[in-house]
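> Work the whole structure out from these sequences, hints included.
So the sequences go chain by chain: A and B. Residue 224 in this note's numbering is what sits at position 224 of the first sequence, and the numbering runs on without skipping anything. Residue 1179 in this note's numbering is what sits at position 179 of the second sequence, and the numbering runs on without skipping anything.
Calculated directly from the structure, the hints in this document are not laboratory data. All residues carry an ideal CB built from backbone N, CA and C; glycine is no exception. Some hints here could point you the wrong way.
The list that follows gives simulated cross-link-like pairs (lysine-lysine, BS3-like), each with its CA atoms no further than 30 Å apart [what the hints assert, rightly or not]:
| # | chain 1 | residue 1 | chain 2 | residue 2 |
| --- | --- | --- | --- | --- |
| 1 | B | K1032 | B | K1067 |
| 2 | B | K1140 | B | K1064 |
| 3 | B | K1140 | B | K1118 |
| 4 | B | K1032 | B | K1140 |
| 5 | B | K1032 | A | K57 |
| 6 | B | K1010 | B | K1140 |
| 7 | B | K1156 | B | K1140 |
| 8 | B | K1067 | B | K1118 |
| 9 | B | K1058 | B | K1165 |
| 10 | A | K57 | B | K1118 |
| 11 | B | K1165 | B | K1032 |
| 12 | B | K1165 | B | K1067 |
| 13 | B | K1140 | A | K57 |
| 14 | B | K1156 | B | K1118 |
| 15 | A | K57 | B | K1165 |
| 16 | B | K1156 | A | K57 |
| 17 | A | K57 | B | K1167 |
| 18 | B | K1156 | B | K1032 |
Residues of chain B clear of chain A, computed beta-carbon distances all greater than 10 Å [claimed, not checked]:
| # | residue |
| --- | --- |
| 19 | P1033 |
| 20 | G1043 |
| 21 | S1074 |
| 22 | N1112 |
| 23 | G1121 |
| 24 | A1150 |
Chain B side only, calculated, beta carbon under 10 Å to chain A, not exhaustive [as the list claims (entries may be wrong)]:
| # | residue |
| --- | --- |
| 25 | A1048 |
| 26 | L1049 |
| 27 | K1064 |
| 28 | K1067 |
| 29 | E1111 |
| 30 | R1113 |
| 31 | K1140 |
| 32 | G1162 |
| 33 | D1164 |
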Amino acid sequence: MRVVSQGRHEQVIPMFHLEDRLAEFVFDELPPDELNSLRQHLAQCLDCQTRVSDFQKVQHSLEQLPDEDLPRRMVFVPEMAAVERRTSWFSFAWAVPSAAVAVLALAMLIAGPFQFEWSQSGVQIAFGSLPQDSAPQAEFETVAVATPSIDYDNLDYAQIAARLAPDQQLLMAAEFEQRNSEIARLIDQNDQANRTEIRRVRADMGQLYDMQRMAQYDFYDQGSTLQLMAQLTEGLGQ
Amino acid sequence: MNIENADERKVIERVLAGDTNSFNLLVWRWEKPIYNYIFRMVGSREDALDLCQESFMKAYRELKNLKDRDRFSSWLYRIAHNVCYSRFRQTQGKTFVELDPDMGATRMPIENRLAVEKALGELTDDQREVVVLKVYQGLKFDEIAAVQDAPVSTVKSRLYMGFDKMKSVLGETTGAVDASGQPRTS
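Put into structure tokens, the structure is as follows:
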């Protein structure tokens, strides 16, 4: 420290330079007492003023690059929910309407191999492997999917409702099953050459998931994800 | 009440109690910062999306192992850091590509933007990560130290070296910056 004379007053000037405290000073991470001392020093030290100025110029240059919005958003959906939906969509009593049989035939063409399983409630038809009854139902395996960016406040609900008609659901479910297997295989291979294909499949899956999610939360009436968020954040106040 | 104000500790407890949907609250809160962090690390939007998704997948699976639930964001950045560096190892040296040019709406002139992006790309991975986490993500030095698993002194050293290098590169970029290193704005 040193004492300088300013007219009739004497002022104590801290002699230590900013040194390695420069970054904390600029980014405001210093405790108040140290910050005050350094400010006093800075007012008197041209070298430190230059260092701060140079540092801030680079900082300001960087800050001119804005954050980006995500091209697509992510939604996490528990796989079990998907299984439950699939089971409900593919479980029929014996008296299946003939129109649904026609739709099912079309779905089979899309989805490829399928299996039958008899049960007390009727026959289950599933694409790929059937869910195992012995599997622990409490085990959730969550899948993440990237969904296209959607302006939830300006959705065309009539169009979405049309796409969620029962026969459409059936087709989407079959397609989803096929693509779910496809993407799992691609990920298992961990082949960089497949990355484009994985992205394409994920985007398609994202569309399906998003519509299913909106149906799950009855978004036709509620209108937007904001309400879902409000629902989920209920009781989380600080 | 919105996600910005939601108590993350309570959200985490909900998720761990089996309410998987609540994990979407954490995703919606953090997907943009994590995406932008990864994007600035790898330079590609599509890769950033993939790695961002991978980061949240890992976070969900490892959530039960998060000891200090008040430090979720630092923990999430640590996961994203591991995902990025894992990708860097896979790509063997080609750790950064020039940021995709269409950076969205910004008032910054294109030549200045490119100059800053070029300067950012000149940094080592560790230096660039410190710069990104500090300047764009606003993490404190001890949080960055936790992400990088390095002492705070090392983090600060990387920041200083990164800034020095950026100043030098910006100064060399003809037409994009003035003599003091400040990008021209007109």
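> Hint by hint, say whether it matches the structure.
Going through the hints against the structure:
Taking the CA atoms of B:K1032 and B:K1067, the gap is about 24 Å. The hint holds against a cut of 30 Å. For the suggested pair B:K1140 and B:K1064, the alpha carbons sit about 25 Å apart, so the restraint of at most 30 Å is met. For the proposed pair B:K1140 and B:K1118, the alpha carbon gap of about 25 Å is at most 30 Å, so the pair holds. For the suggested pair B:K1032 and B:K1140, the alpha carbons sit about 19 Å apart, so the restraint of at most 30 Å is met.
With a C-alpha separation of about 26 Å, the suggested pair B:K1032 and A:K57 falls inside the 30 Å cut-off, and the hint holds. Restraint check: the Cα-Cα separation between B:K1010 and B:K1140 comes to about 24 Å, which is no more than 30 Å; the hinted pair holds. For a cut-off of 30 Å, the pair hint linking B:K1156 to B:K1140 stands: about 11 Å separates their Cα positions. For the proposed pair B:K1067 and B:K1118, the alpha carbon gap of about 39 Å is over 30 Å, so the pair is violated.
Pair hint B:K1058 plus B:K1165 does not hold up; C-alpha atoms about 34 Å apart against a cutoff of 30 Å. The hinted pair formed by A:K57 and B:K1118 meets the criterion: a straight-line CA distance of about 16 Å does not exceed 30 Å. For the hint pairing B:K1165 with B:K1032, the CA-to-CA distance comes to about 28 Å; that is within 30 Å, so the pair holds. Annotation: proposed proximity of B:K1165 to B:K1067 is violated, straight-line Cα distance about 37 Å (limit 30 Å).
Only pairs whose Cα atoms come within 30 Å are accepted, and B:K1140 paired with A:K57 is accepted, the gap being roughly 20 Å. Of the pairs offered as hints, the one joining B:K1156 and B:K1118 holds, with about 22 Å between alpha carbons and a cut-off of 30 Å not exceeded. With a CA separation close to 13 Å, the supplied pair A:K57 and B:K1165 stays within the 30 Å bound. In summary, the hint linking B:K1156 to A:K57 is supported, as the alpha carbons are separated by about 18 Å, within the 30 Å threshold.
Taking the CA atoms of A:K57 and B:K1167, the gap is about 8 Å. The hint holds against a cut of 30 Å. Straight-line distance between C-alpha atoms of B:K1156 and B:K1032 comes to about 25 Å, which keeps the hinted pair within the 30 Å bound. At the 10 Å boundary, the C-beta of B:P1033 falls inside the reach of chain A, the nearest C-beta of that chain being 8 Å off. The claim that B:G1043 is not at the interface with chain A holds, since no C-beta of that chain comes within 10 Å of its own (minimum 12 Å).
With a least beta-carbon separation of about 15 Å from chain A, B:S1074 lies farther than 10 Å from that chain, consistent with its non-interface assignment. Once the 10 Å rule is applied to beta carbons, B:N1112 is inconsistent with being away from chain A; the minimum gap is 7 Å. No beta-carbon of chain A comes within 10 Å of the beta-carbon of B:G1121; the shortest separation is about 12 Å. Every CB of chain A lies more than 10 Å from the CB of B:A1150, the least distance being 15 Å, so the non-interface label holds.
Hint on B:A1048 holds. Least Cβ distance to chain A is approximately 9 Å, under the 10 Å limit. The beta carbon of B:L1049 is positioned within 10 Å of a beta carbon in chain A (closest approach about 6 Å), and the interface hint is therefore held. The interface hint given for B:K1064 is broken, as the beta carbon of that residue sits about 12 Å from the closest beta carbon of chain A, more than 10 Å. Annotation: B:K1067 was flagged as interfacial toward chain A, and the flag is violated, the nearest CB pair being 21 Å apart, outside 10 Å.
Because the smallest distance between the Cβ of B:E1111 and any Cβ of chain A comes to about 12 Å, over 10 Å, the interface hint for this residue is violated. At its closest, the beta carbon of B:R1113 sits 7 Å from a beta carbon of chain A; the interface hint therefore holds under the 10 Å criterion. The criterion of a C-beta within 10 Å of any C-beta in chain A is met by B:K1140, whose closest approach is roughly 6 Å, and the hint holds. Restraint check, B:G1162 versus chain A: the minimum CB separation of about 9 Å is within 10 Å; hint holds.
The interface hint given for B:D1164 holds, since its Cβ lies 9 Å from the closest Cβ of chain A, which is under the 10 Å cut-off.
Consistency with the previously given hints fails for numbers 8, 9, 12, 19, 22, 27, 28, 29, ordered from lowest to highest.
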